Every structure is written in C-alpha cells, then in structure tokens.
Amino acid sequence: MTTALILVPLGGALWVWITPWKNTQGPGGLALLLALVELALWVGTAANFDFGRGGLQFQTDTVWFEDLGVSYHVGLQDFTLWLVGLTVLVTAAAIGYGFWVGRERPGAYLGLLLFLEGAVIGVFTAQDLLVFYVFWEAMLIPLYVLIGVWGGPGRLGATFKLVAYTMAGSLLMLVAIIAAGLSAGSFDLAAASRHQSVWIFLGFAAAFAIKAPLWPFHGWLPDAYRESTPEVAAVLSGVVSKAAAYGFLAIAIPQFPGAVSDWRVPILVLASIGLVYGSLLAFRAPDLRGVIAYSSLAQMNLILIGLFATNASGNDGALLQMVNHGLISAALFLLAGAVERRTATGQLGLLGGMARGRPMLATVLITTGVIALAVPGSTAFAGEFLILNGIFAQGWGWAVVGAVAIVLAAMYMVRLISAVLHEDVGSAVPVEALDLRPAEIGVIVPLVAVLIFLSFWPAAITDHALQLFGGLP
Amino acid sequence: VTRFEQPTIDWAALSPELVLLGGASLCLVVTLFLPWGWRRPFCATIAALCFIGAGVAAGILFAVDDSARGVIADAIQRDRLAELAQILVAGSGLLAVGASLGWERQERSRVGEYYALLLSAAAGMSFFVAASNLMTLFLGLEWFSISLYVLTAIAVESLPSLEAGLKYLIVGSFGSAILLFGSAFVYGATGAIGFDDIAAAAAGADRLLFVIGLALILVGLAFKMSAAPFHMWTPDVYQGAPTPVTAFMSAATKVAALVGTMRLLVTAFPTEARLWTVALAVIACISLAWGNLAALVQTDIKRLLAYSSISHAGFLLIPVAVGTRLGGRALLFYLVSYAAMNVGSFAIVAARERELARPVTFEGLAGLGWERPGFGIAMSLFMFGFIGLPPAGLFLGKFYAFSAAVDRGWTWLAIVGVAATVLSIYYYAGVIGAMYFRRSIEVRVAPAGGSPPRDWALSAAVGAAVVVTVGSFVAAGPLLDIARDSVSFLGFPH
Chain A
1 MTTALILVPL GGALWVWITP WKNTQGPGGL ALLLALVELA LWVGTAANFD FGRGGLQFQT
61 DTVWFEDLGV SYHVGLQDFT LWLVGLTVLV TAAAIGYGFW VGRERPGAYL GLLLFLEGAV
121 IGVFTAQDLL VFYVFWEAML IPLYVLIGVW GGPGRLGATF KLVAYTMAGS LLMLVAIIAA
181 GLSAGSFDLA AASRHQSVWI FLGFAAAFAI KAPLWPFHGW LPDAYRESTP EVAAVLSGVV
241 SKAAAYGFLA IAIPQFPGAV SDWRVPILVL ASIGLVYGSL LAFRAPDLRG VIAYSSLAQM
301 NLILIGLFAT NASGNDGALL QMVNHGLISA ALFLLAGAVE RRTATGQLGL LGGMARGRPM
361 LATVLITTGV IALAVPGSTA FAGEFLILNG IFAQGWGWAV VGAVAIVLAA MYMVRLISAV
421 LHEDVGSAVP VEALDLRPAE IGVIVPLVAV LIFLSFWPAA ITDHALQLFG GLP
Chain B
1 VTRFEQPTID WAALSPELVL LGGASLCLVV TLFLPWGWRR PFCATIAALC FIGAGVAAGI
61 LFAVDDSARG VIADAIQRDR LAELAQILVA GSGLLAVGAS LGWERQERSR VGEYYALLLS
121 AAAGMSFFVA ASNLMTLFLG LEWFSISLYV LTAIAVESLP SLEAGLKYLI VGSFGSAILL
181 FGSAFVYGAT GAIGFDDIAA AAAGADRLLF VIGLALILVG LAFKMSAAPF HMWTPDVYQG
241 APTPVTAFMS AATKVAALVG TMRLLVTAFP TEARLWTVAL AVIACISLAW GNLAALVQTD
301 IKRLLAYSSI SHAGFLLIPV AVGTRLGGRA LLFYLVSYAA MNVGSFAIVA ARERELARPV
361 TFEGLAGLGW ERPGFGIAMS LFMFGFIGLP PAGLFLGKFY AFSAAVDRGW TWLAIVGVAA
421 TVLSIYYYAG VIGAMYFRRS IEVRVAPAGG SPPRDWALSA AVGAAVVVTV GSFVAAGPLL
481 DIARDSVSFL GFPH
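Same order as they appear, the protein sequences are chains A and B.
Heads up: the first sequence at position 215 corresponds to 215 in my numbering, and the numbers run straight through without jumps.
Heads up: the second sequence at position 258 corresponds to 258 in my numbering, and the numbers run straight through without jumps.
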C-alpha cells in the first residue's frame with residue numbers, strides 16, 4: 001500500500017512524459033486524474049489504518065544490497081499518514097491549478113509535479129536511511145527544473161541558490177548517514193537507535209535546517225518562492241518544507257537524545273530569531289509573495305520551536321501546525337497566483353479594493369487569512385497554543401517570544417488582506433478583473449474546507465498521532 | 001647451455017585480448033579488399049562483434065572460475081578483477097562504436113584503421129588490467145597508449161585533433177618513461193619484477209630506492225588516470241580528439257588505470273601501504289579541488305567534461321586510497337556506472353556536434369532538451385548522476401566510496417569529497433540549465449544542415465548507457481556481489 005502511494009505518482013509521471021500527446025488538454029487531464037487517484041488511495045489507506053496500534057503499518061521490506069545492510073523499507077506511521085495526506089491534497093490542488101492555467105509544455109510540467117509528489121511521499125515513508133536520502137535528493141531534481149524552466153525572470157539565480165543551499169546541507173547529511181549506518185551495522189531507522197555522536201546529529205540537522213529553513217539558513221527561500229509559479233510555490237512551501245520538519249521529528253530528534261538536549265538552546269534561539277525576523281519581514285515585504293514567503297519562514301521556525309520542546313504537547317502542536325501551515329500557505333500561494341493573473345503584479349502598493357464585486361475572492365482570502373493569523377477557534381490557534389504550551393515547559397521566555405510572534409502574524413496578515421481587498425482600488429487592478437473562476441474555487445476551496453474542518457476538530461490529528469515523546473520531559 | 005623453458009600458455013585467459021586483436025587484424029586487412037561503400041558497415045560490425053565477443057569471453061571466465069592464479073609464467077594474472085575490468089572496457093568500446101558510426105563517415109579513408117586502433121586499444125587495456133609483473137604492466141600501458149595517441153590524431157584534416165595527438169604523445173610518453181624509470185628502481189631494490197615477488201623481497205630491499213621507485217610508478221600511473229597534478233594533457237586531448245574517441249578514452253582508460261593501480265599497489269607494495277594510502281589520498285584531494293575549480297569556468301562542453309573526469313579521478317582514488325576491501329568493492333561498482341555515463345554524455349555531445357557542425361558550448365546546448373527529448377533526459381540523468389543524485393548508479397558509487405573512507409576512519413576524506421561535490425553542482429546543473437532553461441527565442445542556434453541525421457546507432461548507445469546507469473542503481477545488490485567477488489582474493493593492507 002505504501003509502495004503504491006509512492007509508485008502511482010512516480011509511474012504516473014513517466015506515463016505523462018512518454019505519451020506523445022496530440023492535444024494540449026491530454027497531459028493535464030491525465031495528471032489531474034492520477035493526482036485524484038492518489039488522493040483516493042490515501043483515503044483508502046487512512047480508512048484502513050489502525051490508529052490504536054502504534055508503530056509501522058503497511059510495511060514493505062526488501063533487501064536492496066546486503067553487505068552494508070541497506071533495504072528498501074517503507075511504511076506508514078500514524079503521524080506520517082497525516083503528512084502524506086497533506087502532500088496528496090496540496091499536490092492535487094497544484095496540478096489542478098497548473099492544468100487550468102495552462103502552462104507551456106504541460107506534459108513535462110505536470111509530470112514533474114507528480115514526480116515531486118512521489119519523492120516527497122517517499123521521504124515521509126522511508127524507514128531506511130539511505131532510501132530516505134534517495135527520496136530526499138529526488139525531491140530536488142523536479143524542483144530545479146520546475147523553477148528553472150517555468151519560473152519568473154530571476155529564475156536562474158533562484159534555482160542555483162536553491163540547489164546549492166540544499167545540496168550543501170544534504171551532502172553533509174549523507175556523511176552523517178554513512179557514519180550512523182556503518183556504526184550501527186544497518187541503515188534501518190529502527191536498528192539505528194540512540195546515537196551519541198554530536199557530529200552525526202549536526203550532519204542531519206544541517207540538511208533539515210536548510211530545507212525547513214531555520215534562520216539564518218533561509219537565503220534560498222525568498223527567491224525560490226518569488227520566482228516559481230504559484231502552484232510550485234504552493235507545493236514547495238506547503239509540502240517540501242514539511243519534509244525537513246519531518247526529518248527533525250522522525251530522525252534527528254528521536255535518534256540523538258543527548259545531542260538534542262545539548263543543542264536545544266542554540267537551535268531554539270535561532271528559531272526564535274527566525275520567527276520574529278520572518279514575521280517582521282513579512283510585515284514589511286512590498287509584495288504578495290514576499291509576505292507569504294516570510295510568513296512561511298516564520299511559521300516553519302515556530303514549528304521547529306514546537307519540535308525542540310521535545311514533549312508531547314510541543315510535538316502534537318508541531319504536527320498539527322505542519323498540516324495547518326501546509327494547507328494555509330498552499331491556499332495563499334494559489335490565491336496570490338489568482339490575484340497576479342488578474343493584475344499582472346504582486347506589488348501591494350499597486351493592489352487594493354479587490355473585494356468590491358468579487359465576493360468569492362474576498363471570502364476565501366479572508367477566511368484563509370483569518371485562520372493563518374491564528375484567531376482563537378481556528379486550527380492554527382490550536383496548533384500554536386499546543387506549541388506554546390509545550391515550549392513553556394522548557395522556559396517561559398520562549399513562550400513569550402512565540403506569543404509576540406502571534407501578534408506579529410495578525411499584523412502582517414491583516415495588512416495583506418486589506419492591501420489586496422480593501423482601501424482604494426489599486427492602479428494595477430482592472431475594473432473588469434473577474435471574481436474567482438469555478439476552477440480556481442475548485443482547487444482552493446477544498447484546502448480551506450479542510451482547514452475549517454480541522455478548526456472544528458483539531459483532535460482529528462492530535463488524537464490520532466502517536467505521542468512520540470511521552471516519556472521525555 | 002641452459003635451455004629456455006617455454007611456459008605453458010593459458011589461451012583461455014588471453015581470449016578477450018585475442019578476440020580484440022583478431023578483430024583489429026580483420027579490420028586492417030580485409031578492408032583493403034572491400035569496395036568503399038562496404039568498408040564502414042563491415043568494420044563497424046566487426047568491431048561491435050569483437051567487443052561483444054571479448055566481453056562475453058571475459059564474462060564466461062568470470063563465471064566458470066573463481067580462482068586467482070598467475071598464468072603464462074606468472075606474467076599475467078587470471079582472476080575476476082581482470083575479467084570484470086575487461087568486461088567494462090569491452091562495454092565502453094561497444095558503446096563507443098555506436099557513437100562512432102555516424103562520425104567516421106567523414107573519415108572514410110581511414111575507417112579500417114580507426115576501428116582497428118579502437119580494438120587494439122581495448123586489447124591493450126585488457127592486457128594491462130591483468131598484468132602481474134612490471135614488464136607486462138609497462139607493455140600493456142604502452143600498447144593502449146600508443147593506440148590512443150594515434151586515435152586522438154586520426155582526424156588528420158583537423159588541426160585541434162593533430163595538436164591533441166601530439167600533446168598526448170609527448171606528455172603520455174613522459175608519463176610512461178617515469179613509470180619505466182620507477183620500475184627500474186624497484187627492480188634494482190628488490191631484484192624482482194613479479195608483483196608477488198616484489199612484495200616478498202621488499203623486507204630485504206634498499207628502502208630508499210624502493211620508495212623512490214614506488215613514487216615514480218605512482219606518478220606514471222597518475223598520468224594515465226589523469227589525476228591532478230598530472231592531468232595537464234587531459235583538457236586539451238579530450239577537447240581536441242574526435243568526440244567518439246574521447247568517449248571511449250575517458251571511460252576505458254579510467255577503468256584500466258585505476259584497476260591496474262589498485263592491483264599493483266595492493267599486491268606489490270603492501271609493506272609500504274602507509275605511504276601510498278596517504279599519497280593517493282593527497283592526489284585525490286588535489287584532483288577534486290583542481291578538477292572542480294577549473295571546471296567552473298569552462299564554456300566548451302568537452303573541456304568541461306574533461307575537468308569533470310579529472311575530478312572523478314579524485315572520487316575514484318578515494319576508495320583506492322583507503323586500501324580496504326570495502327574500498328576495492330566501491331571502486332569497481334563506481335566504475336560501472338561511471339564508464340556508462342561518460343560514454344553516454346560524450347556521445348550526446350558528439351550528436352550535437354554533428355548537428356551544429358562546430359564544437360559544442362553552453363550556447364550550443366540551448367534548446368537541446370526540447371528539440372531532442374530523449375537526449376535531453378539522458379543528458380540530465382548523466383549530469384544529475386555525476387553530481388551524485390539518484391537514480392544513477394553513481395550515486396551509490398559515491399555513497400560506497402565515502403562509506404569506505406568513513407569506515408577506514410578517514411571521515412575528512414569523505415568531507416573533502418562532499419565539498420568537491422557541492423562545487424561540481426554549479427557546472428553540472430549548468431549543463432542542464434543550458435539545455436532547458438533558455439527560452440528558444442533568447443538563443444537561436446540553427447542546426448547546420450537542416451534536420452539532424454538520426455543516428456540510430458548513437459541513440460542506441462546512449463540508450464544502453466542509460467540502462468546501465470539506472471540499472472546499476474536498481475540492481476545494486478547483484479552488482480555489488482560481483483564487485484565483491486572480483487576483489488575477494490586481494491590481500492588489502494587495511
């Protein structure tokens with residue numbers, strides 16, 4: 001089952017690529033169909049998932065090569081199930097959006113998105129360190145091409161930064177994986193438990209910190225988010241960054257308890273700086289994408305704070321917030337794309353007054369924005385509350401920083417909403433600009449609907465995820 | 001009067017070389033009696049069949065016999081290490097024939113010589129990797145080197161080719177001379193030329209002479225594997241030589257030189273392992289640094305790939321330098337996908353060259369990915385693979401090489417390799433960027449003669465290279481078993 005979740009998008013990508021398409025709608029239709037099949041497959045998996053039982057389910061374990069103890073071992077845990085669900089939902093929305101917008105060379109484009117989906121699911125489900133690394137690197141290839149070919153004018157610099165930053169981190173992780181695997185005699189996650197070496201931990205942490213990104217390793221982020229197409233930015237910030245948080249949650253933190261307690265304070269300091277820094281820059285960013293990009297940075301650092309609380313509350317909150325932020329930033333990037341299509345700009349100074357006569361756009365944007373700023377009762381509030389509650393146990397100072405950032409989040413979100421929807425009609429906003437089209441509603445509203453559902457019942461996730469660190473303080 | 005005792009000759013052990021040499025003779029002689037139109041297909045067929053035959057012969061030897069023993073008065077070694085290397089050389093040769101088929105159209109008058117030299121170079125390499133005394137080692141080295149000198153200069157109407165041939169001849173002969181000089185020192189110190197005899201006599205040898213000899217031999221071999229700082233000929237020769245020749249040379253010479261070096265050092269110089277492991281590690285670091293830094297500023301793709309080959313000499317030396325069984329296994333596994341990717345990427349450059357009728361630069365690659373989707377995907381696979389990204393077998397090769405370094409306790413060497421890899425991203429990714437990222441309006445490179453000729457043989461060669469590259473990733477388990485079997489008899493010092 002897990003292998004099917006990985007192979008449907010990977011094989012589907014090949015199918016979309018090698019079919020000699022005669023009409024332009026063909027590749028989009030097939031890619032969207034495959035994305036929906038994948039979504040259905042995930043629903044089926046979730047329905048058959050036994051939440052009461054901890055540990056791995058739907059496992060496959062085949063020896064890949066024997067002498068170093070590497071095997072193709074994949075499986076789902078309760079918390080990875082939610083991350084996989086986030087991936088399939090966001091990717092389906094992104095593919096649907098890309099299909100509707102009609103990109104050049106749609107077969108190559110949508111095939112790459114499917115490929116990316118398969119790689120991300122591989123990262124979430126891999127139970128062998130080398131297999132994890134293979135999928136981790138495989139995420140980079142489609143991103144490089146997706147931004148490099150279909151991106152904006154500054155795409156060359158953006159792709160180079162993305163690849164150079166990520167590879168620098170992930171190659172350090174490769175050395176760490178080798179060292180960890182050789183010392184344990186096997187690369188299986190379960191076998192390689194409880195390492196002592198700080199260096200190995202730092203190797204893993206480097207890769208995850210860059211990908212997440214933890215402040216100050218975010219140099220690649222603003223360019224990548226600004227230059228890519230909205231749907232790629234949605235997947236990149238919504239899903240791919242979660243792979244890094246997942247790496248901390250599933251590998252770096254549980255495997256290196258000693259190193260984590262030594263390095264908790266420095267990492268928390270960096271994450272706190274990143275949270276405040278990202279929020280401030282989001283408040284000052286001149287363009288739509290900039291606000292979302294820096295708010296993403298801030299939110300990812302908040303999630304890292306939750307993870308490094310290393311207690312049940314912090315981790316539950318981080319997991320919930322990973323799903324929340326994935327949905328929120330994907331919806332926001334797609335909305336940004338919708339606004340940019342109508343006005344040909346993302347500059348907040350040129351926008352404004354778009355609410356009048358465009359009720360759907362206004363409703364969806366305000367709903368997403370209000371959830372994003374963690375208004376009490378929203379699922380983001382639940383996630384952030386759990387994170388703050390968790391980090392309070394490590395020291396009240398951290399919680400103060402977190403609470404300040406939540407205020408900042410309200411400031412930048414309200415600024416974004418009013419700059420787009422309210423105030424005077426911006427100079428770049430044509431009078432005839434349409435409300436959200438049915439197709440746009442069709443891809444964005446499901447994301448928002450899930451957010452609203454989670455707002456009513458955040459325990460859907462928090463009660464159905466293993467409390468990894470129940471035993472730790 | 002002492003009678004010269006005739007050694008028994010194990011013809012089976014020589015069969016790969018004999019098949020290749022027989023093919024070379026056929027190409028040379030029969031071609032003379034054939035009408036012009038038949039020469040190309042005839043020679044290409046003979047060459048392809050002989051490469052297949054040599055590969056199959058080596059494969060049968062590998063399969064039927066797992067012992068390792070000296071044959072023909074211990075002049076050469078019959079073992080799985082040699083046989084696996086011979087398979088790789090023959091495979092590279094076969095793919096190079098595919099890449100040559102369209103190219104030698106313009107070299108019609110020399111087509112017989114071309115394929116004969118290709119076969120003879122492969123035969124020399126097959127001999128070299130089996131050599132087990134200093135004489136046969138030198139003989140094999142010269143045998144394939146001389147064939148390659150001529151091959152490099154075979155496009156006699158093209159000045160760059162002649163220049164490259166001359167450079168290769170001079171610098172290569174210099175390297176060979178140093179190797180021979182070192183051999184003389186070692187012989188002087190130990191009174192032996194057989195690898196095993198040298199190791200046995202090392203204890204009583206004059207250490208100074210012995211170490212000088214070892215150092216000189218290492219330098220001579222480093223010339224052949226184009227490791228920095230003995231790489232000066234590589235960029236010019238790779239760029240100037242006809243591209244199919246470069247394809248063969250870059251893959252097969254690397255295989256031969258590295259396998260030969262590992263065998264020599266492990267069997268003849270185990271007593272000096274402390275010296276040569278460190279020396280090779282240093283050479284590896286210099287190659288990694290130099291190759292990658294110089295590659296950053298290249299614009300010609302063949303030259304870029306030449307520097308990439310220098311940097312890969314560094315990667316390939318890491319597992320040799322650690323001197324462990326794991327390292328030997330890593331080297332052979334690495335070489336499988338490395339050889340395939342090298343031939344494949346040069347073959348694509350050759351195809352583009354034919355299309356544009358001029359050397360391929362970054363500009364020249366613009367749009368290739370969209371115009372020729374198959375080549376585009378293959379080239380991306382090779383370039384991502386050279387970086388060390390899945391799904392290329394080279395990814396696992398690097399993983400193994402770094403594992404060998406970490407296993408030996410040389411984590412620093414693995415980190416140097418990682419740093420070099422980070423540098424290499426810039427130019428490998430740049431090639432992919434050049435193929436895909438330019439809007440076709442920005443750069444318009446019109447193909448020279450209308451629509452490009454569809455070379456089915458070249459496409460097949462690229463396809464085969466892709467299959468080997470991806471296959472060595474997916475089927476890593478069985479391949480690693482083969483690599484393990486081929487080094488199991490060597491007594492590694494660590």
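Everything labelled a hint here was simulated from the structure, so no lab data went into it.
Computed from a predicted structure; not experimentally measured.
Worth double-checking, as some hints may not be accurate.
Which chain A residues face chain B? A few, computed with CB under 10 angstroms, are given here [claimed, not checked]:
(1) E66
(2) L68
(3) E423
(4) V425
(5) G426
(6) P430
Residues from chain A that keep clear of chain B, each with C-beta distances beyond 10 angstroms, as calculated [unchecked claim]:
(7) L36
(8) E137
(9) L281
Ideal placement from N, C-alpha and C gives every residue a C-beta, glycine not left out.
Comparing the hints with the structure gives:
1. E66: Since the shortest Cβ distance to chain B is 6 angstroms, the answer is holds.
2. L68: Holds. Min distance 7 angstroms.
3. E423: With a closest approach of 37 angstroms, the A:E423 hint is violated.
4. V425: Nearest chain B Cβ about 34 angstroms off; hint violated.
5. G426: Violated: closest Cβ of chain B sits about 30 angstroms from A:G426, beyond 10 angstroms.
6. P430: 27 angstroms, violated
7. L36: The claim holds: A:L36 sits with its nearest Cβ about 26 angstroms from chain B, beyond 10 angstroms.
8. E137: Violated, because the least Cβ-Cβ distance between A:E137 and chain B comes to about 5 angstroms, which does not exceed 10 angstroms.
9. L281: At about 27 angstroms from chain B, A:L281 clears the 10 angstroms cut-off, so the statement holds.
In this structure, the hints that do not hold are numbers 3, 4, 5, 6 and 8, in rising order.
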